[in-house]
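Chains G and U, in that order, are what the protein sequence lines are.
Residue numbering for the first sequence follows this note's numbering, beginning at 1 and increasing consecutively.
Residue numbering for the second sequence follows this note's numbering, beginning at 436 and increasing consecutively.
Don't read these hints as lab results, they were simulated from the structure.
Any given hint could be a false lead.
[Claimed, not checked] No more than 20 Å apart at the CA atoms, straight line, and that leaves these computed lysine to aspartate or glutamate pairs for EDC-like: (1) G:30 - G:61; (2) G:141 - G:275; (3) U:464 - G:97; (4) U:532 - G:3; (5) U:532 - G:7; (6) G:403 - U:446; (7) G:206 - G:98; (8) U:532 - G:275; (9) G:365 - U:513; (10) G:277 - U:513; (11) G:117 - G:38; (12) G:117 - G:61; (13) U:532 - G:133; (14) G:112 - G:38; (15) G:262 - U:513; (16) G:249 - U:513.
[To be verified] Just the calculated beta-carbon pair ranges, DEER-fashion: (17) G:265 - U:514: 38 to 44 Å; (18) G:195 - U:514: 31 to 37 Å; (19) G:150 - U:467: 27 to 33 Å; (20) U:459 - G:86: 48 to 54 Å; (21) G:396 - U:457: 42 to 48 Å; (22) U:519 - G:119: 19 to 25 Å; (23) G:364 - U:516: 32 to 38 Å; (24) U:491 - G:345: 36 to 42 Å; (25) U:444 - G:411: 44 to 50 Å; (26) G:56 - U:458: 30 to 36 Å; (27) U:519 - G:56: 48 to 54 Å; (28) G:60 - U:467: 42 to 48 Å.
All C-beta atoms in this analysis are idealised placements derived from N, C-alpha and C, irrespective of residue type, glycine included.
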Amino acid sequence: MIEERFDAIVVGAGMAGNAAALTLAGRGLKVLQFERGEYAGSKNVQGAILYADMLEKLIPDFREDAPLERHLVEQRFWIMDERSHMGLHYRSDEFNEERPNRYTIIRAQFDKWFSRKVQEAGALVICETTVTELVQDAYGKVIGVRTDRRDGEVHADVVVVAEGVTGLLGTRAGLRQMPRPDNVALAVKEMHFLPRETIEARFNLKGDEGTVIEAAGTITHGMAGMGFIYANKESVSLGIGCIVSDFQKTGETPYGLLDRFKRHPSVAPLIEGSEVKEYAAHLIPEGGYKAIPQLYGDGWVVVGDAAQFNNAVHREGSNLAMTSGRLAAEAIFQIKSRRDPMTSANLALYKKMIDESFVMKDLKKYKDMPALLHTQSQNFFLTYPQLVSKAMQNFVRVDGTAKADKERITLKSFVAARTWSGLFGDVFRLARAWR
Amino acid sequence: MTTTEVSVRVEDKLFQNRYLVDAGRAHIKVRPHTVPSPALLALLTACPARCYELNGKGQVEITVDGCVECGTCRIIGEPTGDIEWNYPRGGYGVLFKFG
């Protein structure tokens, strides 16, 4: 066992773990952080979009040296069927501001930078070390961690579990259940490299401007899921993800979906001639508010993906991760300053802070959305996209049919596919879940 | 059931990735069986790195070398007791260049 004792151990160097370690070390606590990858970031996968506001709260001047790709000036939503997409497209020059709001990033590079900031703040970061177990005393209080190093047990007053979505340590220690297959999505992603000018021409961008495309529809074959295309400086991140239980039920393969998405006539020209340099996969927490586990206990708190903090509707996760890591650290600092013990009753402060933040407010707002989208996936991800595509084509194609007749055809197609009560029911359920 | 697209070569995709293989220490193990359970059969298609394959006797086998450590098989196969899942030893496994 390592004799040295720490105020806090942080397990994992993703967004949540780094936010927690940085905040704790910055407040003068003695922090030890473990990361199983060869460096922070080498096991982390995300689309990825960075939300400036949440990072500014940790590192106000991050724009000076963080490895950022492009600042987003545009968001495109696509509803796709086999050969078409209907888009909603928002672009504003106001996003070309001094302190842009969102950026595309490449996680392996970004996390390495973030980890350097954590070390500069004074935390001891040990990579290439897997934490295998949370160490508990006879009363179940978490008192430290065991790693795969020789004499790898080390103790601390509190352990911040930032181990990511899979959550092995927490489930093994009985702190929470493993995520259910219907509460996580599996996303696969490729990195497509292209010359900078090619990306800018194809995506209609100037300089460091960036855009993201989020796509839903028949590309997921009736499964609940989405595709995404993010423009980086010299690469395009392209991926698709669906709920794991849907993969289980349908026998669809993730790489089969990815390749069909890439071959779609709306997508293929964007990546034509690219060189693919990596294929990655990752789980995404999709259960929302109702899937959030116990967040604290004697000697521990859980943050980020391991706590299932992900807003599936807005495709936000890393900001919830950073915020939960920071709030956990602030709660620990307050308890420590009062010289109080890291008991469950005291660490409940973290939950209180989370509840008062946008993290829990947003997740609560959409608490019924996951159930709706996952149980009605055939309608929302297959039937409606097909109907919408046909309706749009009918609307724009000029073929001598009277406009009133065209409208009747479109209306009939919706009623035939979903019935009147089905249509009203869907609108009602969607509105209620969104509220 | 829809058909798997045989044209997609996962090996070619994985070839782009960096790995440090921990020879002789597989971090995922399949429980010995004679007839695979539905959960095990699901892993044949759900695993994004196609690590799970049927052997000549119709049993599900795993080769972890190309594993991208997503955890999907744990979510599907651990509750049923079909697989035993651990993180690879520190420093080993997939080493994402971009992530």
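How the hints compare with the structure:
The suggested pairing of residue 30 (chain G) with residue 61 (chain G) is violated, with an alpha-carbon distance near 24 Å, which exceeds 20 Å. For a cut-off of 20 Å, the pair hint linking residue 141 (chain G) to residue 275 (chain G) is broken: about 50 Å separates their Cα positions. Restraint check for residue 464 (chain U) and residue 97 (chain G): the C-alpha separation of about 52 Å exceeds 20 Å, so the hint is violated. A hinted pair counts as satisfied when its Cα atoms are at most 20 Å apart, and residue 532 (chain U) with residue 3 (chain G) does not qualify at roughly 35 Å.
This hinted pair does not check out: residue 532 (chain U) and residue 7 (chain G) have alpha carbons roughly 33 Å apart, beyond 20 Å. The straight-line distance between the Cα atoms of residue 403 (chain G) and residue 446 (chain U) is roughly 52 Å, outside the 20 Å bound, and the hint therefore fails. Among the hinted pairs, residue 206 (chain G) with residue 98 (chain G) is consistent with the structure: their alpha-carbon atoms are about 16 Å apart, no more than 20 Å. Between residue 532 (chain U) and residue 275 (chain G) the alpha-carbon distance is near 15 Å, which keeps this suggested pair within the 20 Å criterion.
Proximity of residue 365 (chain G) to residue 513 (chain U) is assessed by CA-CA distance (about 32 Å); at most 20 Å being required, the pair is judged violated. The hinted pair formed by residue 277 (chain G) and residue 513 (chain U) fails the criterion: a straight-line CA distance of about 32 Å is larger than 20 Å. At roughly 17 Å between alpha-carbon atoms, residue 117 (chain G) and residue 38 (chain G) fall within 20 Å of each other, so this suggested pair holds. This hinted pair checks out: residue 117 (chain G) and residue 61 (chain G) have alpha carbons roughly 11 Å apart, not beyond 20 Å.
Simply put, residue 532 (chain U) and residue 133 (chain G) have alpha-carbon atoms about 27 Å apart, too far for the 20 Å limit, and the pair is violated. Proposed proximity of residue 112 (chain G) and residue 38 (chain G) is supported: the alpha carbons are some 10 Å apart, at most 20 Å. Straight-line distance between C-alpha atoms of residue 262 (chain G) and residue 513 (chain U) comes to about 32 Å, which puts the hinted pair past the 20 Å bound. A hinted pair counts as satisfied when its Cα atoms are at most 20 Å apart, and residue 249 (chain G) with residue 513 (chain U) qualifies at roughly 17 Å.
With their beta carbons about 41 Å apart, residue 265 (chain G) and residue 514 (chain U) fall inside the hinted range of 38 to 44 Å. Distance hint check for residue 195 (chain G) and residue 514 (chain U): the Cβ-Cβ separation is about 47 Å, which falls outside the suggested range of 31 to 37 Å. The given range of 27 to 33 Å is respected by residue 150 (chain G) and residue 467 (chain U), whose C-beta atoms sit roughly 31 Å from each other. Range check, residue 459 (chain U) to residue 86 (chain G): Cβ separation about 53 Å, and the 48 to 54 Å hint holds.
The given range of 42 to 48 Å is broken by residue 396 (chain G) and residue 457 (chain U), whose C-beta atoms sit roughly 57 Å from each other. A C-beta distance of roughly 35 Å is found between residue 519 (chain U) and residue 119 (chain G), which places it outside the suggested range of 19 to 25 Å. The hint said 32 to 38 Å for the Cβ distance between residue 364 (chain G) and residue 516 (chain U), and at roughly 35 Å that hint holds. Range check, residue 491 (chain U) to residue 345 (chain G): Cβ separation about 58 Å, and the 36 to 42 Å hint is violated.
Between residue 444 (chain U) and residue 411 (chain G) the beta carbons are some 45 Å apart, a value that agrees with the proposed interval 44 to 50 Å. A C-beta distance of roughly 45 Å is found between residue 56 (chain G) and residue 458 (chain U), which places it outside the suggested range of 30 to 36 Å. In this structure, residue 519 (chain U) and residue 56 (chain G) break the distance hint of 48 to 54 Å, their C-beta atoms being roughly 43 Å apart. For the pair residue 60 (chain G) and residue 467 (chain U), the supplied restraint of 42 to 48 Å is violated, since their beta-carbon distance comes to about 56 Å.
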